[in-house]
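Going down the list, the protein sequences come from chains A and B.
First residue of the first sequence? That's 1 in this note's numbering, and the numbers climb one at a time after it.
First residue of the second sequence? That's 1001 in this note's numbering, and the numbers climb one at a time after it.
Just so you know, these hints were derived from the structure itself, not from any lab.
These numbers come from a predicted model, not from an experiment.
Take these hints with a grain of salt, some might be off.
Unchecked claim - Partner residues are not named here, just some residues of chain A that face chain B (Cβ under 10 Å, in silico): (1) A61; (2) N68; (3) T71; (4) P74; (5) A121; (6) I222; (7) G230; (8) S246.
Here a beta-carbon is modelled for each residue, glycine too, at the ideal position from N, C-alpha and C.
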Amino acid sequence: MTAATRSRIGTAAMVAPAALFFIVLLVLPLVVVLVYSFGLRAPAGGYQPGFTLDNYLNLPARAAAFLNTITLAPLGTLVTVLIAYPLAYFLAVKVSPRWRTLLLVLVIVPFWASQLLRIYAWMMILGNRGIPSLLFAAGLGDIRLLNTPFAVLLGMVYGYLPLMVFPIYVSLEKLDRRLLEASADLGASPFRTFLQVTLPLSLPGVATGSMLVFILLMGEFIIPAFLGGGKVFFIGNALVDLFLQSRNWPFGAAVSVALVAIMLVVIVIYMRFILGRSGTRRMVLS
Amino acid sequence: MSSNDDKPITARRFMEELRRYQRGSVTRRHFLGVTGLGAAMAVLGSAVPALKPRAAYAFGDLGDTLAFTTWPNYFNQKNIDDFTALTGVNVQISVFGSNEEMLAKLQAGGTGWDVFVPTNYTISTYNKLGLIDALDTAKLPNYDPASQESRFTGEATIDGKLYAVPKDWGTTGYVINTEKVTGDMTSWKQFWDRTMDDLSGRVMVHDYQLTTIGNALKYFGYSFNSVDPGELKQAEDLLIKAKPHLFAINSDYQPSMRNGDAWMSVCWTGDASQLHRDIPAMRYVLGSEGGEIWTDFYAIPKDAPHKEAAYVFVNFMLDPFVNAREVQAHGYPSTDSKTNALLPDKILNDPILYPAKDLLSKLEFGAAATLTDPLRAEIMARFKSA
């Protein structure tokens, strides 16, 4: 046995557990979903083997759910970035180290309570006796907030903000201060320094945070169910319904496959543009 | 109808009750119930006759937990606590929103449920799919067919075998907040018409195909259980037209009704009596066109991990004294005349629980076909994703 073969076997042995993990936990379930998506609904609900394209042809019946998801999930991600960035900037750059730890913990604290509980709290805040009653008292009229797309958007931004703040915070925190000094020495205004140095260098954090939040929002179903009152319907809600109420597993599988396909497209775009660009920039810096 | 049975009785009231008991104007059970002695004795294992012989030797091998799957606002915590005190078995309760969901979970397997609460029209499907076994009635001495109203309990018996025992029954109507909803509301036609008119944005319907589609069918006077594609098409059109006017599609409607977000909602008996008990302006309406009447049962899944404990639990809940406390807490009427004998007249004469005969006679029990009908399931899903 040559040294080369030996090292190849060694590599294989090292990779095997990870590969097994990948196949059993990721590839196999996806294959099952794919196979189910061509099957038939059993008479009393569930799955029955068979081959049909009907489940895919029926996808337009969930058009509204797809439309809600692919509009509100990116919008939610964008709004989350817009709120998280200043917050992360403040935490990483402006706050003294003495306060920083405390404030970072405060960003995490909401995660200590169950998400469901926090959503119930928002139902109270947005419900008739919450903010709308204040708006009414202020003479702004009878404004309905709960069970609207606005409430869903708010819930999504609230729920996933920490996941956006931390990656951005990390990318800003490790920013080399000497670059900022250099920029100032070369005569750039603080605003220009931010635009040309700080912001581009923190983009990998923004990209990571956006990806994390976007993927989770695409699969979200609790927030639309509770803050949308079952009226602002996401693909996640369609899936819960198809598996738990209609018990139409094959159609549910087809909807899942469509969702995965959309995600794949988005991730490929993400890798192409954002990762590619920040990769080159990192090479220039090092 | 607040349940006072867990509050201590005053000395004065105790003496009054004792004298009434001595005069023979109240039963022993009533006396034990109101004075709290019954509860105390239950803990000792002697107020629940069926459990008495077992108490001495059998409670040790029941295991220490029992998974009980039921509906929202549907049990008396006092009874659950007493059961735990009596047997040492902790009851883990999980709550579901529809029979379809329960069926889906049981079909998927591995639920770990010991006792669950299916509705009449689902039992034949559970039986057909082999998810439940016939019950061993020898282990349920508190179940007495003679004291049960047979019109409510028939669907639990298949081919002469008993698959589930009745918990309680009820109707599906709608609740209105009379402070906000004026005018005489009596029909499902009014329910839908006003949803799309002056009550726009204030109405809730169940996240449940049986009742939501069923009561849309009622608008046109069709059967609550229709699986006729033409009739269902009309119901679907109505639902989709009404959807922008709804406040929410959610079976947990009490919070929104209580805080004033919603003024009208499709509603079950017990939720109506709980709402009315706390807010007298809440009124329950049974549509004059008819609608649903139903019975819920206790059943034991075939693969229940704690079968012995499940039998003891169901038997405990069927004890008339225990059951009467259930009725007082959740506000759904019992099917058992022995339980009714222990209930105060105020409950027995409550029109929410016991509607007038002419309204009652038009109601329909859900049919097994509606549970498994793919078209109804798809219509509900299309309505929600519209």
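Each hint tested on the structure:
no. : hint : result
1   : A61  : holds, 6 Å
2   : N68  : holds, 9 Å
3   : T71  : violated, 14 Å
4   : P74  : violated, 19 Å
5   : A121 : violated, 12 Å
6   : I222 : violated, 13 Å
7   : G230 : holds, 3 Å
8   : S246 : holds, 4 Å
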